[in-house]
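Asks: Make one complex out of these two single chains by using the hints.
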Amino acid sequence: MRTAFLIARKDLRLRLRDRSAVIYGVIAPLGLAFLFSMIMNPIQSSKFETTYVVVDYDKGPIAQAFSEVLDGLQENESGFTIRSVKTYNEAKAQVARGSDAFASDDKPKADAAFVLPPLLSQHVTSGQGDSLQVLAAAGSDLGAPIALSLAQGFASEMGAVEIAVRTAMPPDAVQDPVKMAALQRAAIQTKNPVVLKDVSASTKQLNQSTYMAAGMAVFFLFFIVSFGVSGLLEEKRIGTMSRLLAAPISPTSIVIGKALTSMVLGILSMTILAIGSTLLFGADWGNPIGVGMLIVAAVISATGILFVVAAAAKTQDQASSFQAIIALVLAFLGGTFFSISQIGGFIEQLSLLTPHAWFLRGLGDLQGGDVTAVIPSVLALLAFGMVTGLIAWPFLRRAVQR
Amino acid sequence: MKILEIAGTSVRRLLRDRTNIFFVFILPMLLILILGAAFGGSYDPRIGVVWVNTGALGEDLRDRIAASDGVAVRTIDDRDTAVVMVERGQLEAAVILPEGYDATLRDGEAATVEFVARNDASAQALRNTVDSAVTEQGGLLRAATLASAQGSTDFSAALTKAEEIQGTVKGVRVERVAVGEPFAFGQLGRFQLGAYTQLLLFVFLTSMTASTSLIQSRQLGVSRRMLATPTPVRTIVFGEALGRFAVAMVQGLLIIVGTSVFFGVDWGDPWGASATFLLFALGASGVGMVMGAVFSNDQQAGGIGVMLGIGLGALGGCMIPLAIMKIFSEPLWKVAHITPHAWGNEAFEELILRGGTIADIWLPLAILAGFAVVMLSLGAWRLRVTLTR
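These protein sequence lines are chains X and Y, in that order.
Start counting at 1 in the first sequence, then tack on 180, and there's your number in this note's numbering.
Start counting at 1 in the second sequence, then tack on 5, and there's your number in this note's numbering.
Extracted from the complex, chain Y is given alone in its bound form (with noise of 0.2 Å):
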């Protein structure tokens, strides 16, 4: 059949030119991949700990402090890189203990930690939980301190009987009760959030990008050879369709089977899945005709195809999620349902966080077919003009 034809040599055009391979698949798993491994995980916030020869007190301050709830702490080698550290943002705080610090302390003299925090309000509040180390291993020392000043023993014996008798007093005992379901997204798999919007943006803009081959065939005259052909018009453009659709089907596809065998990522119920990748791609395949009959320039479409793909994509929810968007900024958040990642996102996050049916996402399912539906009929309008004009 003609339109099968017409398609396959749309897809056989942008597989034979290896570069597309990399923007079309593998782009997407690379960037899926990255923002697993830097965004998937927990948000501790990270303390540097400069520890260098700081003896045995050192090293208890420095686990007191690691035991801390809600801190993750990386052991610094020097104080400059630590400070950069922390200028730079790498770093939420540090804390740099003196060398000889257990030495210091034995001697009975005084020794000062150095808590380096940048001027904003998150950071000062860090220094709370430092604190609290401070006055643990303090607690210690101040009996230690009392002890050898008495003249009973010396420091360090005062020290090791100090422990023991902490173990056995029976002062305030703190007793810490976790209350309520932590949000949605502490709980998911760390390349499940990565997957689904990235799959989104980009079947989006490679709709967008591949327009340019639709411009490119016409300005090399291949359209108007195959208007000379007896081939009915809509057929032409029933197989263009065609064409941006099986590519958008090819790739999604790909990314679909490629993050749940590589990543294990979850794409809740299939029906649900396949419903809402399917509307999606038939909306993008709708756009990128409407790109490839509107411009003239293929050079233009590409920064055009671009500019729109990513902006429309982070507008949408690609790349701040929109759950999270929602919290910090409600306006915004409505605005972003203009497009249609937005619903493809809404669609996804119900059928994966929150394990819904096909059935549950009637709503957005609808907005998309809406949305492929105005677009292909758009798409399918214009290129017939430009093709027959």
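So that you can see chain X by itself, here it is in the shape it has in the complex (with noise of 0.2 Å):
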């Protein structure tokens, strides 16, 4: 064991004196974290938020009541603003604004308009019906359809007292004022039986920059774990593993210590992209002993696939382009570049099979919970190293031979 040692600190020395190992391990990552978060931070930052105007024709009960709806809409919810303009013309050139993503902010732009037409409230409560119009912004993903669902509810809510009564009438009701008085009064106070109630979700989601240093982090760990792995090849080519061999050491010894090297690489550079992260963009990665479970349980799953790979080669080129490929195929599948849950379906079941998801659903799931939290995806992560070590341990053996 202690000759494994030897091995893994005489191998760290080279590579740490080998600045690729340092381009690969930190400034790679921590640079293309920064700059992606930079990117994206003002678009994950902007909030919801809405303006509506309203075009009063009717000034009646019922151009009343929605006006009440939509004042508890701006008072009691966040990100509502709500505008009265007076004309139907006004309200639609500002509408056409809202849905021209490139005009300019100095003149009042709406998601949607509601237009509560003359006469809306007679034509109602006689029984007639009118219709208020929903001028939609093309292109309002948010905004312009809860604009109708909101005017739909209300169209509802109007209706329900008439359809309440008439569903209740005893034929011989409609004669009587007296009985329709009352029965009105009834229905107006019958409540809907159904209560829609607030659950509120904790959120095992990282934010953009934890988010995107984690997932730098992660894809460079391949590339940063295979120095290591492939130093085993490298001695084969350049003839010091004959040397070694002749020594009175164990071949395993000479297996343990690369494996040793690459997972130090990988647990130091991780290390140092959490930390720095954390410094400079604020990243939140979350209790530190999560964290670092995580890193070592990922840091174990890649060196095991990585001798993998590097077991299937028959030079060291090939095993740097093959390793190259895995890291970038399980990158991608796993999520780190962008999010895989879009998808959906097979394509999301099968970033399942990538240490990346796993690794970043720990992360996540440390986020909204405690330390606990992460144990599911780190023993995923482990038996993706334990498997994979066990795959590559004969191949190992055969390699590390005269």
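Simulated from the structure, these hints should not be mistaken for laboratory data.
Note that this is a predicted model, so its numbers are computed, not measured.
Take these hints with a grain of salt, some might be off.
Taking lysine to any residue pairs in the SDA-like style, the calculated list, with each CA pair at most 25 Å apart, reads [what the hints assert, rightly or not]:
#	chain 1	residue 1	chain 2	residue 2
1	Y	Lys175	X	Ala243
2	X	Lys416	X	Ile505
3	X	Lys227	X	Lys289
4	X	Lys289	Y	Arg132
5	X	Lys359	Y	Thr165
6	X	Lys377	Y	Ala72
Replies: Spelled out as structure tokens, the structure:
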């Protein structure tokens, strides 16, 4: 075992002296994470905000009731701004500006407009009916559809009393105004038996800066770990392997030594990234113990996977290429560059075959829970490492031979 | 001609290593495919609905939510899964209907429907949509409740009657009028956006990483042996430049042809697209040459090449489209234009999104041409100096 440590120490010194390890392990991931978060942050931090305008030609009780609904919205929920305008054309102009993503902010714009026609209240109460127009800005993903729902909800509410009265009305009540009035009062007082209850979900999601930093960290992990792993093949190429074997060292300790190099490099790199991204651009990785467990498990899984790849290659160049391919494919599938959950379906299932996805999931779960939240991910990552390590073992034993 | 020989050797070396074929051709196509699959469609917020054993009324509520404008409804099997999906951001919100919803209501009892969302404002705003659907169904339920309380009929019969009456009541009708043209991206084909952004990203990235082969030929002493032959230095330099360029051209052509054949991508005016791509490839080759001449360690160059390739690509609008960058952060958008990618993207945006012709993109073309001239001269000079040291 002591030999393994000696080999690892020697390798580590070599790798650290070689600036490429520093580039792949610290500079590239940190730089890219910083760049990505700079690009994504303006988009991420834009909060939900929508503006609606109202044109009231009616000025009757129905219009009044609708205005009350909108005022309640503005007061009780964040992000809604309601304005009144005098004419239909002005409302339409503002919504048109709202649909143009490049319109400047100096003239007012809106995501939707509610048009309450003249005599609305009169027509509705007399049973003639009337329409409430919603001008919806094309391309408004959230604001306009919500405006439409609001209008539809209001319309349902308006119709509800009449439907209730007419449903409950015994045939003789039509003649009797007292009974009708009583029925109307009862109808207004009858509430919807269905109640919508709010449940607040915790956030098991990383913020953008942390996601980018973690993604880059685990992406480049596979490059930095490959330094240690391909070192095995390099020794064969430059001829030092036979010299190592001539010494009274067991071949096992050579393999373990290389593995140790990979793991130390990996843990070092990811730790520096975690600390660096937190200090430099506000990433929040979460509970340090949980993060530490995830990092160690991720490094073990990476080492195992890359050993399998190295075992399958015949030359060092081939091994490097295979390792780069695996690193890229797993990174894309694992969601390090963009969230895979958008695709859904089969590919989302496939992403669970990547250590990257489990690492990011573990961090996400840690955000919304305590240290124990990372345990499933840690176990999954360790499983990756163990299984691949076991597969690679016989090949490696053979590789470490004369 | 010797220049062609040297260039040809570069290309052959690249193609002979089969793993390069993955990086240079397969990976960009794969990425275009994945990006199209993930982001090419619409971005309606996703609401997960759990409606196990909820009967006819449960199905009715679910259908009303699904019919709402601007949301995508997915059926989830159980509450715990739905909650975790909301927490992880796989759903924007979840609606949980209690089991036996239908039976409970028909018995005249009250029922509670849960709305599960994270604490951010847009998730909360979705509540209004769900609330409207509940209110719509609620209108009928209130009528049936009133009628059965009055004693004239039972709940189910009253519900049916209420539905009939709803059809005849002329209350407030909601009329939707769409105003304005949707944002250009909404009209694009699924893979359209990914195609030109990834083309630029990968051609540049390949030029950067392929510079390692130039470094290797220097390390191995091949360049020095070429110099020992009666070959002028400028031939070698031109040959290497042509080699870089040839690789970029082959890669680009394959991506352009592949995407138009397999994904139906339209590249706009052919003259404009060709000019843009040609000038961009020349610039990329120049940068590759500079890297190949300046670095002596191919590992280092590889790492820096990947970093610069991805970084400049991201900044230049290959990951977040320039137009979106401009909306959210104009200073960033301005900074992006120090990269050749940004100008390439501007040109393609004009050609593909706005149907422009080569005349409309004279400015990006001029800048790309200038960039190419500067980089190629720099690369040629550095390479000459390094070779003849």
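Asks: Confirm or reject each hint.
Replies: Hints versus structure:
no. : hint                   : in the structure
1   : Lys175/Y with Ala243/X : 17 Å, holds
2   : Lys416/X with Ile505/X : 23 Å, holds
3   : Lys227/X with Lys289/X : 17 Å, holds
4   : Lys289/X with Arg132/Y : 24 Å, holds
5   : Lys359/X with Thr165/Y : 23 Å, holds
6   : Lys377/X with Ala72/Y  : 21 Å, holds
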